[in-house]
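There are 2 protein chains.
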Amino acid sequence: APVSEVLFFPSPVTCTEALLADPLAAAAASSSPCPCLLPHGESALSRLLRRLLSARRSLELCLFAFSCPQLGRAVTLLHRRGVRVRVVTDSDYMALTGSQIGHLRRAGIQVRHDERGYMHHKFAIVDQKLLITGSLNWTTQAIQNNRENVLIVEDAAYVTPFLAEFERIWKEYNPT
Amino acid sequence: APVSEVLFFPSPVTCTEALLADPLAAAAASSSPCPCLLPHGESALSRLLRRLLSARRSLELCLFAFSCPQLGRAVTLLHRRGVRVRVVTDSDYMALTGSQIGHLRRAGIQVRHDERGYMHHKFAIVDQKLLITGSLNWTTQAIQNNRENVLIVEDAAYVTPFLAEFERIWKEYNPT
Ligand SMILES: [Zn+2]
Ligand SMILES: [Zn+2]
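Protein chains in written order, with our numbering: chain A, 1 to 176; chain B, 1 to 176.
These are computed hints drawn from the structure, not numbers from a lab. Be aware that a few hints might be false.
Copies of the same chain look alike in the list, so a pair counts if it fits in one copy or across any two.
Derived lysine to any residue pairs resembling SDA-like cross-links, with alpha carbons at most 25 Å apart [said to hold, decoys possible]:
no.	residue 1	residue 2
1	Lys-171	Tyr-93
2	Lys-171	Cys-36
3	Lys-171	Asn-145
4	Lys-171	Arg-57
5	Lys-129	Asp-155
6	Lys-129	Tyr-173
7	Lys-171	Arg-56
Since the model is a prediction, treat every value here as computed from it, not as a measurement.
Let's have the full structure, built from the sequences with the hints guiding it.
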């Protein structure tokens with residue numbers, strides 16, 4: 001059945017190391033449980049990470065704000081696995097402290113940003129078939145404190161127009 | 001077929017008087033075209049207004065920011081038509097100049113707001129069956145200038161959890 005899921009935030013803080021560790025480390029870890037003091041159950045953030053990490057071929061990100069370290073690690077991990085990652089972001093937010101954009105660029109991920117106006121989207125498209133979108137900016141502040149929603153939609157009626165919007169923005173923004 | 005629609009913003013400025021006029025005035029207007037200088041075609045804003053104005057029984061609004069006058073008029077019109085309108089909003093934004101919340105309250109619409117935290121949702125539920133949600137804050141600035149998205153979804157898999165989220169927030173926030 002096609003995926004249809006809704007996540008609400010704020011999300012309790014949980015350990016996401018098992019999701020974000022590389023496969024060899026994860027295999028080692030599975031024999032010895034993580035010693036950290038955080039809860040290790042599911043949370044809205046861990047569910048969001050799982051959906052992102054399901055990417056096998058492509059990931060488009062169109063994000064006003066991106067500073068959450070766990071989400072940054074997930075995107076970098078996908079890039080290292082050979083997934084084609086493309087990111088567009090808002091130039092005003094990009095310069096702020098804690099932005100993940102610099103890390104992504106240094107990892108070799110393609111990032112473009114607007115020169116004017118206000119790019120307020122917060123969506124991701126996984127393998128051209130799964131849309132992840134909502135009110136949530138990808139910041140720790142929003143994830144842990146705000147009332148937010150994220151829809152996960154596997155339906156071409158929504159994915160196709162969002163892909164077209166991504167391609168419009170990708171063409172319009174200058175590569176830098 | 002169930003509604004599945006995506007709106008992207010910014011929206012060109014168009015005249016929405018025909019949509020927002022009361023029925024008698026609208027009937028009179030249909031014989032004489034509106035004399036204003038704005039374009040009179042469809043736009044993302046006019047499509048959003050049409051979806052809202054389709055409400056016959058209930059409208060739940062959960063909005064971080066609400067200052068767009070046309071959307072404020074649409075909500076007031078629905079209230080006058082006997083639709084049960086309930087609004088929750090963020091207290092920080094509510095106090096800003098141009099907020100529609102004061103108008104809604106003076107019209108007799110029930111409004112509740114949070115006391116702490118950050119209510120960042122931007123969704124509406126029409127007749128408990130149509131979900132309208134996305135990145136768009138209901139401000140003229142966002143509608144006319146920002147890159148934004150709105151999904152319109154008629155699918156219980158999404159509507160039911162959003163209704164439950166609305167009822168949680170409605171109970172939690174103080175009536176004032
Ligand atoms: Zn741990
Ligand atoms: Zn006009």
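Hints, one by one, checked against the model:
1. Lys-171 - Tyr-93: Result: close within a single copy only, 20 Å intra versus 34 Å inter.
2. Lys-171 - Cys-36: neither (44 Å within a copy, 36 Å between copies)
3. Lys-171 - Asn-145: between (34 Å within a copy, 19 Å between copies)
4. Lys-171 - Arg-57: within (20 Å within a copy, 43 Å between copies)
5. Lys-129 - Asp-155: Close inside one copy (7 Å) and across copies (18 Å); limit 25 Å.
6. Lys-129 - Tyr-173: within (24 Å within a copy, 37 Å between copies)
7. Lys-171 - Arg-56: Cα proximity of Lys-171 and Arg-56: one copy only (24 Å, versus 42 Å across).
When the structure is compared with the earlier hints, a violation turns up for hint 2 alone.
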